[in-house]
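S.K.: Each chain, written out:
Number of protein chains: 2
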Amino acid sequence: MIAIDWGTSSARAYRLDPAGAIRESRETGSGILHVPPMTFAAALRALVGDWIDAGERRVLLSGMVGSRQGWREVAYRPCPAGIDDLRAGLETVPFEPGVTVRIVPGLSAADEAGIPEVMRGEEVQVFGALAGRREGLLCLPGSHSKWVRVRDGRICGFTTGLTGEAYAALRGHTILGRMMEGEPVPGEAFDAGVRRAQDAGGLLHHLFGTRALGLFGRLSPAEGASYLSGLLIGHDVRENLPPGGGTVDLIGAGPLMTLYARAIAARGGAARSGDADAAARGLALIGEGLAWA
Amino acid sequence: MIAIDWGTSSARAYRLDPAGAIRESRETGSGILHVPPMTFAAALRALVGDWIDAGERRVLLSGMVGSRQGWREVAYRPCPAGIDDLRAGLETVPFEPGVTVRIVPGLSAADEAGIPEVMRGEEVQVFGALAGRREGLLCLPGSHSKWVRVRDGRICGFTTGLTGEAYAALRGHTILGRMMEGEPVPGEAFDAGVRRAQDAGGLLHHLFGTRALGLFGRLSPAEGASYLSGLLIGHDVRENLPPGGGTVDLIGAGPLMTLYARAIAARGGAARSGDADAAARGLALIGEGLAWA
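Same order as they appear, the protein sequences are chains A and Y. For the first sequence, position 221 (counting from the first letter as 1) is numbered 221 according to the UniProt record's numbering, and the numbering increases by one without interruption. For the second sequence, position 254 (counting from the first letter as 1) is numbered 254 according to the UniProt record's numbering, and the numbering increases by one without interruption.
Check the hints yourself; a few may be wrong.
As the list claims (entries may be wrong) - Calculated Cβ distances over 10 Å to all of chain Y for the following chain A residues:
no., residue
1, Thr39
2, Arg45
3, Pro80
4, Val99
5, Ala131
6, Arg154
7, Cys156
8, Gly161
9, Ala169
10, Glu188
11, Leu203
12, Ala212
13, Arg218
14, Glu239
15, Arg267
16, Ala291
Stated by the list, open to error - Each pair of labels, with its calculated beta carbon distance range:
no., chain 1, residue 1, chain 2, residue 2, range
17, A, Met38, Y, Ser220, 24 to 32 Å
18, Y, Ser273, A, Met38, 54 to 62 Å
19, Y, Ala113, A, Pro242, 46 to 54 Å
20, A, Glu73, Y, Pro221, 14 to 22 Å
Please keep in mind that the hints were generated in silico from the structure rather than gathered at the bench. Glycine included, every Cβ here is placed at the ideal spot set by N, Cα and C.
Can you make the complete structure from the sequences, with help from the hints?
M.R.: As structure tokens, this is what we get:
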């Protein structure tokens, strides 16, 4: 089977053996934003044509490829939702004779106030990361960080924060950025930002405090980005980690994983490091129980 | 006397009569960022030379003109601080023979966590707006919004939020801006943002919700900016208005005053509209009791 996590800016393809193990994988910059409408079949061939020619007949896609801007808009499935619900929401798109291409639906939910939440692709990573476990709190750090709650084998709800995008906008386009050099690193300045996020006053006040600390020489340009990152990730963790802590499964890769793990630990939680190929494992689980045409 | 509120991007000059009433006023774009170092005396002459030639001998300056980037760095006075403390911290800068030019110091404070706070210029506006009253909660909306607490005639503390600058960065440089047209206006979308700010979940989550509401067609492009503004101002008010409400004196001018008044009312408070010339009245009060050279 071929499994592809096809997102906005990139696509990651896996060739899986019948047991679901990864035989081969590749990543390209052909995210859906780079694929003109009506040319997704050609993009798929460009991405994994050699695997198809080698005999693969089943292709499962997840992520933004199922959005309005993707190959076909596949309706969100409402939470709570398990793997069976994802299977039930699959849609087949036309491709070459003898090859079946299916897109996994995203999930929708609402928070306590009835404000909608959506995800596309993360739901597959969550089931892949759980690897059969039926309970958990998972976090996918990023531009739009997601905290996902799983009970009895189903995603019962999730919460998204604009954490990463807010960091980039504040760093790049406010007075705060002018007092910062370099990228965030795990260390004392990051920890100070995380601690600050626990104080009263709210994020907007804490942000200005970053500036004030700089003015008074208590935050150096080399420390600024780490402090700001700690502040934002600290707020994200503060709102989403349960009061007593608990264990969080982190999904993803890169420096953000270390930073989130550090912030979660500072709040009394424990972070379990993520499987970078969770999408492949999730797609394998969905494909496993499926009656292919 | 000549009173000048000399800020970063503009300067507002007033000619006051002996009783402190405004005889004349003018505003220029000659904020301190536009005045090269060592040329402040020339900038002052360009701004109010005719008034000096007409016989004015006393000039009182407040605002960023007293910062490191201004005419002279005047040390912050610590809170609590009254008008007498501002007088005690005045510094005289050299100008033309027979004319005395003095700069009012800014104020510093610390919040509960010991993080520093600073203001330059707002302290003068606060005393001007109070017009002799000895108690109050005042709010100066803007890029860096300030909430100032006055007890027994002294500024006992204040809190700054990056509210306006965060709005501009999020509006201009995140995915949220792409779903918005026009400027914030007082109305139902703004109110919905203010209400949303009272919910659990935190600002980062509420920001993402703006996007989700747009995706589901529950927030139109025409409503987006108002909702985002309501969200940020709502968070600012939530953190700074005492539980029970109370009266807030707003200082400033322009559309932000209406929006803040509306958000304060939605939280059970009452807003009193500001005196746009509060700086002139504050400088008059400081000048009044002063022994001029």
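S.K.: Compare the structure with each hint and give your call.
M.R.: Here is what the structure says about each hint:
no.	hint	result
1	Thr39	holds, 23 Å
2	Arg45	holds, 30 Å
3	Pro80	holds, 18 Å
4	Val99	holds, 32 Å
5	Ala131	holds, 28 Å
6	Arg154	holds, 21 Å
7	Cys156	holds, 16 Å
8	Gly161	violated, 4 Å
9	Ala169	violated, 4 Å
10	Glu188	holds, 16 Å
11	Leu203	violated, 5 Å
12	Ala212	violated, 5 Å
13	Arg218	violated, 8 Å
14	Glu239	violated, 4 Å
15	Arg267	holds, 14 Å
16	Ala291	holds, 32 Å
17	A:Met38 x Y:Ser220: 24 to 32 Å	holds, 29 Å
18	Y:Ser273 x A:Met38: 54 to 62 Å	holds, 57 Å
19	Y:Ala113 x A:Pro242: 46 to 54 Å	violated, 24 Å
20	A:Glu73 x Y:Pro221: 14 to 22 Å	holds, 20 Å
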